[in-house]
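In order, the protein sequence lines correspond to chains C and B.
Heads up, the first sequence stops at 512 in the working numbering, and the numbers go up one at a time, no gaps.
Heads up, the second sequence stops at 509 in the working numbering, and the numbers go up one at a time, no gaps.
Everything labelled a hint here was simulated from the structure, so no lab data went into it.
Hints are not guaranteed to be accurate.
[To be verified] Lysine-lysine pairs mimicking DSSO-like chemistry, simulated, CA-CA at most 30 angstroms apart:
id	chain 1	residue 1	chain 2	residue 2
1	C	28	C	453
2	C	28	B	393
3	B	393	C	169
Here is what each chain is made of, one letter per residue.
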Amino acid sequence: MKDFPFLSVLTLLPLVGALVVAFIPRSKAELAKLVAFGWSILVLVLSVFMWIAYSVGGDRFQFHESYAWIPAWGANFTFAADGIALVMLMLIAILFPIVLLASWHDVDQSTRSAPAYFALLLVFEFTMIGVFAAADVFLFYVFFEIMLIPMYFIIGSFGSGQKQYAAVKFFLYSLVGGLFMLASVIGLWVVGGKTFDFAALAAVAGDLDTDTARWLFLGFFVAFAIKAPFFPFHTWLPDSGGAAPAGAAALLVGVMDKVGTFGILRYCLSLFPEASRWFAPAAMALAVIGIIYAALLAVGQNDLKRLVSYTSIAHFGFIGIGIFAFTTQAGTGAVLYMVNHGLATGLLFIVVGMFVARRGSSLVSDFGGAGKLMPVLAGVLFFAGLASLALPGTAPFVSEFLVLIGTFSTNKGYAVVATLGIVLAAAYVLWMIQRTTQGTLNPALTEVPAMSKDITLREKAVVAPLIALLLVLGFYPKPVTDVINPAVQATMQDVGVKDPVPTVEAGGKVGG
Amino acid sequence: MEPLKLPPIEYGALLPMLILFGAACAGIVVEIVVPKRARNVVQLVLALLAVTASLTAVVLARDVRTVTIGGAVAVDGPTLFLQGAILVLGGVSLLLIGERSIERGGAFVAQAAVTVGSQKDTRQATSPGATEVYPLSVFALGGMLLFVAANDLLTMFVALEVFSLPLYLLCALARRRRLLSQEAALKYFLLGSYASAFFLFGVAFIYGFSGGIQLSVVHEAVANPQRSEVLLFVGLAMIAIGLLFKAALAPFHVWTPDVYQGAPTPITAFMAACTKVAAFGALLRVLYVAFEGVRWNFQPVLGVIAILTMFVGAILAVTQTDLKRLLAYSSIANAGYLLVGVLALNESGLSGTMFYLVAYGFSILAAFAIISLVRDSDGEATHLSRWAGIGRKSPLLAGVFTFILLTFAGIPLTSGFTSKFAVFGAAVEGGQTWLVVFGVISSMLLAFPYLRVVVLMWLSEPGETTPAVSIPGFLTSAVLALGVIVTVALGVVPAPLIDLTREAAEFVR
Chain C
1 MKDFPFLSVL TLLPLVGALV VAFIPRSKAE LAKLVAFGWS ILVLVLSVFM
51 WIAYSVGGDR FQFHESYAWI PAWGANFTFA ADGIALVMLM LIAILFPIVL
101 LASWHDVDQS TRSAPAYFAL LLVFEFTMIG VFAAADVFLF YVFFEIMLIP
151 MYFIIGSFGS GQKQYAAVKF FLYSLVGGLF MLASVIGLWV VGGKTFDFAA
201 LAAVAGDLDT DTARWLFLGF FVAFAIKAPF FPFHTWLPDS GGAAPAGAAA
251 LLVGVMDKVG TFGILRYCLS LFPEASRWFA PAAMALAVIG IIYAALLAVG
301 QNDLKRLVSY TSIAHFGFIG IGIFAFTTQA GTGAVLYMVN HGLATGLLFI
351 VVGMFVARRG SSLVSDFGGA GKLMPVLAGV LFFAGLASLA LPGTAPFVSE
401 FLVLIGTFST NKGYAVVATL GIVLAAAYVL WMIQRTTQGT LNPALTEVPA
451 MSKDITLREK AVVAPLIALL LVLGFYPKPV TDVINPAVQA TMQDVGVKDP
501 VPTVEAGGKV GG
Chain B
1 MEPLKLPPIE YGALLPMLIL FGAACAGIVV EIVVPKRARN VVQLVLALLA
51 VTASLTAVVL ARDVRTVTIG GAVAVDGPTL FLQGAILVLG GVSLLLIGER
101 SIERGGAFVA QAAVTVGSQK DTRQATSPGA TEVYPLSVFA LGGMLLFVAA
151 NDLLTMFVAL EVFSLPLYLL CALARRRRLL SQEAALKYFL LGSYASAFFL
201 FGVAFIYGFS GGIQLSVVHE AVANPQRSEV LLFVGLAMIA IGLLFKAALA
251 PFHVWTPDVY QGAPTPITAF MAACTKVAAF GALLRVLYVA FEGVRWNFQP
301 VLGVIAILTM FVGAILAVTQ TDLKRLLAYS SIANAGYLLV GVLALNESGL
351 SGTMFYLVAY GFSILAAFAI ISLVRDSDGE ATHLSRWAGI GRKSPLLAGV
401 FTFILLTFAG IPLTSGFTSK FAVFGAAVEG GQTWLVVFGV ISSMLLAFPY
451 LRVVVLMWLS EPGETTPAVS IPGFLTSAVL ALGVIVTVAL GVVPAPLIDL
501 TREAAEFVR
């Protein structure tokens, strides 16, 4: 099974599905949805097989495939996955069917075509898998850029509110980052000996001229910082998250933004180790500012979707300090955070979407006491909120804890300030839940018939797997950390840092 | 007195040009002999046959590397590649020029001076229109072929005039918005004449400096200057002005928006695709063959011009409300990117620029083909506001146009990305990283106007005034299909064309 070309098949499969779905006529919308959902399940099944085929503790990069593309430039279709990419691919494969199911009725009321929406989502899955599976810098860049296009149309055509503004802002921000990266890609190609192969470039990473490497690092870093997003490049996310349909927003923050943090880990750190160390304090500072700043803004939001977007920015700050703390613990925590955040925030966005779809508004002030009408759905929102504030017992707690202790061993100050973010997280989540589902019933809600309809069977099927995963990974994250850990160790080795030796005499073992 | 000795002539190497000039003359005879009714078909077939024959001659001569007619014409890799590119793009433009099914008589009118709405004009509107556009276009194509092959500065000047004069005329022949068209033609003619005069004056200076007009003689004189270098630099500057004008580089670009907007759309497409190839072909030859020795002197100056061009094009494109003008400014910015490739002054720069020219030519042809389809009772509806919501009415057309715009924005998997990569990569390799940084920044600016059009087409609600989209005739459909297929192919599998440009990337002296 190891020889099966998992990554290329996995990448192309959703694209084929998208073509099939796109050609289903509008009048057969239900068929299109079923085909799209079935296709995403197919991708999931294949991913599960890949997960089984992956040998934990084996080579750093597995499932390596390479096909010639543009020989004159040394660009190839090279795919390979390390542990970090593998867990992200798994996250994508799990989230897509869930989001498709959650978006079932998103376009029923609008004048837009449902097959087009589901086809776009599958195209988006194709670009997402491609970007994580690529092991050729050129190929990575290609996927990095084209993923904008499906998301642009999803936000612009199927969103709500200021969707045009949000779509254009999203596209331009990402494109600006992408073009900075293009300049760096070209520079790297020239100084790296006219090759795009990740392994070959990583091998010469130490020989680069210091100044050149720092400039090149900056080009990549800006692109990834915009994508993630880190403060101060974050302003597009609340707009996009607020305007996108809830399911797409879940993918936006749950999967697509991870490309930024993944890119930093894979490309910035491994290809420019010296520059990474040099820029680390600045990057940590940005990340910590992001944690506090975004959390404060989240507290003040009156729009549910924008609020969740801001919480994401705060979480990305945690991932950022985890990456730049340069300890295996913090790095593993950061990658685990990427997975858990995808699950937790994905769930939060989807549940918020269910609320918004019923109420027809995403303003917090339009709710109030909704739990009295829909106790179960309110309970799910409560759980999603708790998971997202990293309550012990839910998966995000493990990762947040790992990041903080890993950071504490090298950067005490940052770790202490970041911990304040946890307090603020409790504030924005709990206050949001209090204002929407608790307290006295907002009389306006009783006039909306949909509001008294509690969670449906389809919605249960949507949230159940996410809740289950959050709990399981909260208690037993080992299967995932075992995959992540060697990859992070290899990355830290690329950067050239060693984990600090514990100075405490007693043999108290720290962390998971 | 010594008897005049005729230089040996290799007719095989000149065959592509001879075929076109012959066919253009035959086209004039056709105008006289063939009855009006059949003229259009005969002319179109004749022109296409000539282009095909000429292209065949280029392909057959693919291994020829020679300098002939006493050093006036050089046939080498870049010559043959660029001639091939001009012929292919020219052939595709001829299809657009020959389109008659969208509007009776096509985009051209025989007597533009006739008062609009008069009885004579009504008669004219029912007649098949101006068929002299075919011989004129073929003359222009022939001139372009010679322009990229010219190995001495006087031949280059003659070729410049041979392809410019028909273009001036063609610009004035628009059926709709005639005043705009005539104004454009006059502007183009006057400014073009000034540019030609500069070029000629520059040639005189270079002759004074090197004692010859052949590029190889100039090359040697540059290496071992016998006379004041002031002559060299003044001459080089003036020659450059002439060429930069044709290539539409800032600050010699001001004619471009007016001419692109006023000219009949097929002619605009023809100019945007073929003139650009010809102008950059000549610029490449002059800089790489003759003046390579003073690269340190002209590289910074032209670098500033490249940056200026990219930014003027990108910033002014943002403010445009007319699609043809928007594309004109975008083509100015693209000329800036091309110049970045030229200034790499290495083999990758040469091959990258040639790749870019072909890729851009096909995309811009497709873009103008689409513009010719969106019309109302007054002809083409090029104002941006009229395109609102057109994606709902004709998703296929809007989809194709979106794709072309994404190409211009340089999104991967389109030829726009691979070609940008080719020139930027060459420039970094040639030590011109600063140009690439500015190029990348201007690309960011330039993405905005394209995106605005995409938003308008798809995300805006269709208004009352959203015009109808004509069903494309066979010829326009062919152009669109070709443009899109080539754009995708060069974006996804660019390797064959890249290899071809690399094999061709060597000048003879």
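Now the hints, each set against the structure:
no.: 1; hint: C:28 / C:453; verdict: holds (27 angstroms)
no.: 2; hint: C:28 / B:393; verdict: holds (21 angstroms)
no.: 3; hint: B:393 / C:169; verdict: holds (26 angstroms)
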